[in-house]
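Novice: Given next are the chains, with one letter for each unit.
Number of protein chains: 2
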Amino acid sequence: MKLAILFGGASFEHEISIVSAITVKEKLSRFDLSFIFCDQDHKFYMIDGAKMKAVTFSRGEHRKMPQIVLTNGGFEQRGLFGSKKYEMPVLNLIHGGDGEDGSIASLMDFFNIPFIGPRKEASMLSFDKHYTKWLAASLGVKTLPYEILRKEDKRAVATAYPFIVKPARLGSSIGVSIVKEAAELDYALDVAFEFDNVLVIEPFIAGVKEYNLAGFSARGEITYSIVEEPQKADFLDFEKKYLDFSRSGNVAEASVSDTLVQQLRTAFKTIYTPLFEGALIRCDFFEIDGEVYLNEVNPIPGSMANYLFDDFSGCIQKLLGSLPDKKAIRVQYDYIHSISQAKGK
Amino acid sequence: MKLAILFGGASFEHEISIVSAITVKEKLSRFDLSFIFCDQDHKFYMIDGAKMKAVTFSRGEHRKMPQIVLTNGGFEQRGLFGSKKYEMPVLNLIHGGDGEDGSIASLMDFFNIPFIGPRKEASMLSFDKHYTKWLAASLGVKTLPYEILRKEDKRAVATAYPFIVKPARLGSSIGVSIVKEAAELDYALDVAFEFDNVLVIEPFIAGVKEYNLAGFSARGEITYSIVEEPQKADFLDFEKKYLDFSRSGNVAEASVSDTLVQQLRTAFKTIYTPLFEGALIRCDFFEIDGEVYLNEVNPIPGSMANYLFDDFSGCIQKLLGSLPDKKAIRVQYDYIHSISQAKGK
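Chains as they are written, first to last, in the numbering used here: chain A, 1 to 345; chain B, 1001 to 1345.
To be clear, the hints were calculated from the coordinates, so they are not data collected in a lab. Please note that the accuracy of each hint is not assured.
As the list claims (entries may be wrong) - Think about it this way: if two alpha-carbon atoms lie no more than 27 Å apart in a straight line, the pair counts; the simulated BS3-like pairs of lysine-lysine are:
{"no.": "1", "chain 1": "B", "residue 1": "1027", "chain 2": "B", "residue 2": "1053"}
{"no.": "2", "chain 1": "B", "residue 1": "1064", "chain 2": "A", "residue 2": "85"}
{"no.": "3", "chain 1": "B", "residue 1": "1151", "chain 2": "A", "residue 2": "85"}
{"no.": "4", "chain 1": "B", "residue 1": "1326", "chain 2": "A", "residue 2": "154"}
{"no.": "5", "chain 1": "A", "residue 1": "327", "chain 2": "B", "residue 2": "1142"}
{"no.": "6", "chain 1": "A", "residue 1": "84", "chain 2": "B", "residue 2": "1043"}
{"no.": "7", "chain 1": "A", "residue 1": "318", "chain 2": "B", "residue 2": "1151"}
{"no.": "8", "chain 1": "A", "residue 1": "64", "chain 2": "B", "residue 2": "1084"}
{"no.": "9", "chain 1": "B", "residue 1": "1151", "chain 2": "A", "residue 2": "269"}
{"no.": "10", "chain 1": "A", "residue 1": "151", "chain 2": "B", "residue 2": "1318"}
{"no.": "11", "chain 1": "A", "residue 1": "84", "chain 2": "B", "residue 2": "1064"}
{"no.": "12", "chain 1": "A", "residue 1": "209", "chain 2": "A", "residue 2": "154"}
{"no.": "13", "chain 1": "A", "residue 1": "154", "chain 2": "B", "residue 2": "1142"}
{"no.": "14", "chain 1": "B", "residue 1": "1064", "chain 2": "A", "residue 2": "142"}
{"no.": "15", "chain 1": "B", "residue 1": "1084", "chain 2": "A", "residue 2": "85"}
To be verified - Quick partial rundown of chain A residues pointing at chain B, CB under 8 Å, derived from the structure:
{"no.": "16", "residue": "10"}
{"no.": "17", "residue": "14"}
{"no.": "18", "residue": "18"}
{"no.": "19", "residue": "22"}
{"no.": "20", "residue": "34"}
{"no.": "21", "residue": "40"}
{"no.": "22", "residue": "42"}
{"no.": "23", "residue": "44"}
{"no.": "24", "residue": "52"}
{"no.": "25", "residue": "97"}
{"no.": "26", "residue": "229"}
{"no.": "27", "residue": "329"}
{"no.": "28", "residue": "331"}
Stated by the list, open to error - Label-pair restraints from in silico Cβ distances:
{"no.": "29", "chain 1": "B", "residue 1": "1080", "chain 2": "A", "residue 2": "85", "range": "15 to 21 Å"}
{"no.": "30", "chain 1": "A", "residue 1": "329", "chain 2": "B", "residue 2": "1051", "range": "43 to 49 Å"}
{"no.": "31", "chain 1": "A", "residue 1": "72", "chain 2": "B", "residue 2": "1087", "range": "56 to 62 Å"}
Glycine included, C-beta positions come from ideal geometry on N, C-alpha and C.
Construct the complete structure from the given sequences, taking the supplied hints into account.
Specialist: What follows is the structure, given as structure tokens:
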């Protein structure tokens, strides 16, 4: 079964996308895989599978490999004497900007390429933590209280200390700080504003229980992963998460009650349906006083959360067989015809 | 000054986009214009300005004109002996799907082409009337109360009759009905569900005052159009709106109090800033008991609402000189370098 892994991108998470792709390569060895690298200038390269190592990209060796371009139905390698076409479904594994902000989804849809990954609306609503709050609220899924701070606003925060400051549109903990007292505020805001003009501020609850659950919908039903209780210090910083993206061994299932599993699955399903069709996503939750709170949605989780599934290859195969259809719009020119006729032309 | 008008698209509003483009051509004769037609299969054609007539497209004559493709920085016409590049800013005039749903914005950004039009987030939030409600609520701009009905829901509506049923993601009144009594409900829902799986239902207020206001931001300040009180029957249906898209003569300013103008401008500015930078938008408002309610945001208004501006050419020129910058992300491969070193590779 053919599948192209699309990775890289003009994103703060470019490097972890490379790590993710290398990890997924091992886990999907059953597939006939191709590797398409999107560099930071949005050039695409077809990467030799044997060269799928981090240093290939950091040393710029990908530039010696064939450059390809988007074309209707796939990618194309142009040469002096004709062109070679690559037509296969794509697994969008570009984390952060490009991959999760709706750009890649728009490109795949526009060029009519079937793909695994969030569609453009799902991307936009999950990429921005502020919009995820709106989405969750509209669906009745609880999230922590929050406030929004924009770069042009006064640096006044109403949330009580300690709180957590997050750039609205970044994953992988980039630019995130816990602020324990007023003296730490300015620095934390400076750091976060380096990455985004909009910040989300939430109470920081030390020792809160966290649970991750991944899943996807295929043939009308959701396949859930096991529930994981992620290891953490205060929270995972970028470097720890970076290593996290190369996870491939299976993890231990969290020892949680059936009731909690059911609560997590219900919340997952509410968020997933129907926006995230076509994607395998991971939702990160808090549990507070027996209730489940959505922390964030990862529409393209690190290494596709492969380590949470027993049969990851089987899951991807199942998902590939159940990608959402695009509704074709056929233009009939009825209005122009009727107006031209009325004008006697 | 060079400018390409991009129009057409795989959209229910394909035909009115053609009408819009023809109208704007006349109004921007001061520019060195090109015309790029996107057909319903997402092929692009460079249209001869002399052939900018509706029948060119309804008869399929555009297919005899040069086909062009997206490339970094612009469009490209490929030939046997090399290719010709077109590099100029683009005015996104694709109404509805593609143009207003974030696809074209994603493409322009991805291929690094400067453009007039809503960026991808602004597109997504204004294209879907449901999300526009979320946006307005978060900014403290009033809208009518509403409920959402999905295709899979029971056909039970809580809003009192009469109410208005709208597909969430279509402009130009397509699929919109006023439902005056229970007997009319099923048909109205059938019609609306032809176009979208999600409907927005709002109370219908007969004779409510409507006001339209267009504008854009350039060099840090907003240029407002005059306020128009649109002519209407019960509401504009598609055929009337279609003709509406070819408007080019200036309209009379609504005779409204300075207070109301100020209220409308304040609401406009609140919605516009900072999401809509780079776009000329039209906001349609209701006035009820001295208060202003946002009805909808048109991020690519019909014929760019040229008829609401005294000096439309001057406006477009000003906007072109003030398009938002994209923040470039440079990848340094710091993490891969440090990890490779740690591994001794």
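Novice: The structure should be examined with respect to each hint, and the outcome stated for every one.
Specialist: Here's how the hints hold up against the structure:
1. Pair hint residue 1027(B) plus residue 1053(B) holds up; C-alpha atoms about 15 Å apart against a cutoff of 27 Å.
2. Between residue 1064(B) and residue 85(A) the alpha-carbon distance is near 25 Å, which keeps this suggested pair within the 27 Å criterion.
3. About 39 Å separates the Cα atoms of residue 1151(B) and residue 85(A), which puts this hinted pair outside 27 Å; it is violated.
4. For the hint pairing residue 1326(B) with residue 154(A), the CA-to-CA distance comes to about 25 Å; that is within 27 Å, so the pair holds.
5. Distance hint between residue 327(A) and residue 1142(B) is unfulfilled; the C-alpha atoms sit about 33 Å from each other, more than 27 Å.
6. Annotation: proposed proximity of residue 84(A) to residue 1043(B) holds, straight-line Cα distance about 19 Å (limit 27 Å).
7. Taken as a hint, the residue 318(A) and residue 1151(B) pair is honoured in the structure, with Cα atoms around 26 Å apart against an allowance of 27 Å.
8. Of the supplied pair hints, the one linking residue 64(A) and residue 1084(B) holds, its CA atoms being roughly 26 Å apart against a limit of 27 Å.
9. Distance restraint check for residue 1151(B) and residue 269(A): the Cα-Cα separation of roughly 18 Å lies within the 27 Å cut-off, and the hinted pair is therefore satisfied.
10. About 25 Å separates the Cα atoms of residue 151(A) and residue 1318(B), which keeps this hinted pair within 27 Å; it holds.
11. Only pairs whose Cα atoms come within 27 Å are accepted, and residue 84(A) paired with residue 1064(B) is accepted, the gap being roughly 26 Å.
12. This hinted pair does not check out: residue 209(A) and residue 154(A) have alpha carbons roughly 33 Å apart, beyond 27 Å.
13. For the suggested pair residue 154(A) and residue 1142(B), the alpha carbons sit about 24 Å apart, so the restraint of at most 27 Å is met.
14. Annotation: proposed proximity of residue 1064(B) to residue 142(A) is violated, straight-line Cα distance about 56 Å (limit 27 Å).
15. With a CA separation close to 22 Å, the supplied pair residue 1084(B) and residue 85(A) stays within the 27 Å bound.
16. Because the beta carbon of residue 10(A) sits about 5 Å from the nearest beta carbon in chain B, less than 8 Å, this interface hint is met.
17. Below 8 Å, beta-carbon pairs count as interface contacts, and residue 14(A) has one with chain B at about 4 Å; its hint therefore holds.
18. Interface restraint check for residue 18(A): the shortest CB-CB distance to chain B comes to about 7 Å, inside 8 Å, so the restraint holds.
19. Because the closest C-beta pair between residue 22(A) and chain B is about 11 Å apart, greater than 8 Å, the hint is violated.
20. The beta carbon of residue 34(A) comes no nearer than 21 Å to any beta carbon in chain B, farther than 8 Å, and the hint placing it at the interface is violated.
21. Taking 8 Å as the C-beta contact cut-off toward chain B, the hint placing residue 40(A) at the interface holds, the least distance being around 5 Å.
22. Given hint, residue 42(A) at the interface with chain B, holds; its Cβ is 6 Å from that chain's nearest Cβ, closer than 8 Å.
23. The beta carbon of residue 44(A) is not positioned within 8 Å of any beta carbon in chain B (closest approach about 11 Å), and the interface hint is therefore violated.
24. Given the 8 Å rule on beta carbons, the hint for residue 52(A) is violated: about 13 Å separates it from the nearest Cβ of chain B.
25. Nearest Cβ of chain B to the Cβ of residue 97(A): about 7 Å, under the 8 Å cut. The hint holds.
26. Below 8 Å, beta-carbon pairs count as interface contacts, and residue 229(A) has none with chain B, the closest being about 26 Å; its hint is therefore violated.
27. Annotation: residue 329(A) was flagged as interfacial toward chain B, and the flag holds, the nearest CB pair being 5 Å apart, inside 8 Å.
28. Given hint, residue 331(A) at the interface with chain B, holds; its Cβ is 4 Å from that chain's nearest Cβ, closer than 8 Å.
29. The given range of 15 to 21 Å is respected by residue 1080(B) and residue 85(A), whose C-beta atoms sit roughly 19 Å from each other.
30. The hint said 43 to 49 Å for the Cβ distance between residue 329(A) and residue 1051(B), and at roughly 24 Å that hint is violated.
31. Between residue 72(A) and residue 1087(B) the beta carbon distance is about 23 Å. The supplied range of 56 to 62 Å is therefore violated.
Going through the hint list in order, the structure does not satisfy hints 3, 5, 12, 14, 19, 20, 23, 24, 26, 30, 31.
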